[in-house]
Amino acid sequence: MADAKDSFMVDAKPSRTPLTQISNKQHRSLLMVQNILRILVIVFSAASIAVMVTNNQIVVLFTIPFEAHFYYSSSLKFLVAANGVICVFSVFTLIINFLLRRQGSHRKDYYFFLFVLDIVMTVLLISGCAAATAVGYVGQFGEKHVGWLPICNHVGKFCRTNMVSLILSYLAFFSNFGLTISIAYNFILSSPKNDSG
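In terms of this note's numbering, the sequence shown opens at residue 562 and continues consecutively.
One should not assume that every hint holds.
Derived DSSO-like pairs (lysine-lysine); straight-line CA-CA distance at most 27 Å [as the list claims (entries may be wrong)]:
(1) K638 x K718
(2) K705 x K638
(3) K718 x K705
Bear in mind the hints are in silico, worked out from the structure with no lab data behind them.
Using the sequences plus the hints, can you model the full thing?
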């Protein structure tokens, strides 16, 4: 009976070691995926801002010049501001992640705080995308029920360039959404239930 107990204890110890090694390997790969997604958020947001801010078009209607610029639309300004906030936030968190990784610190409270902030940034960015999409739709097709005429047939270059900026913003949103899911998955893997079994 002592032999059976000893063999059980000997068998139990090796099975725990590979589990923790897999967990550490998964943790490192998840952090790498999160950093890549955060870099994508920075690139897409910065590109969207650059495209939107430099976009303008001057047209002459009935001998009167009109300028189309993002600054004249509160929805497009909101999209630029949302992209700016998420870009700056992502740069700071990438730097903090790098510093914490060099120190070897894995604080769960920091990751939870980061998870909550990433959710807020995701909601902020999708609201900016939705507002700009609504304005773009009205600019492209008009709204006959309230008498708003489409303007994209007059400022086609401006509308097409805004669409590129909007697509980049949506790519930033999907990258940030994937980042949020990745952080949530990291919490699930590091929960006490998964650590014990």
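Against the structure, the hints:
no.: 1; hint: K638 x K718; in the structure: holds (18 Å)
no.: 2; hint: K705 x K638; in the structure: holds (25 Å)
no.: 3; hint: K718 x K705; in the structure: holds (23 Å)
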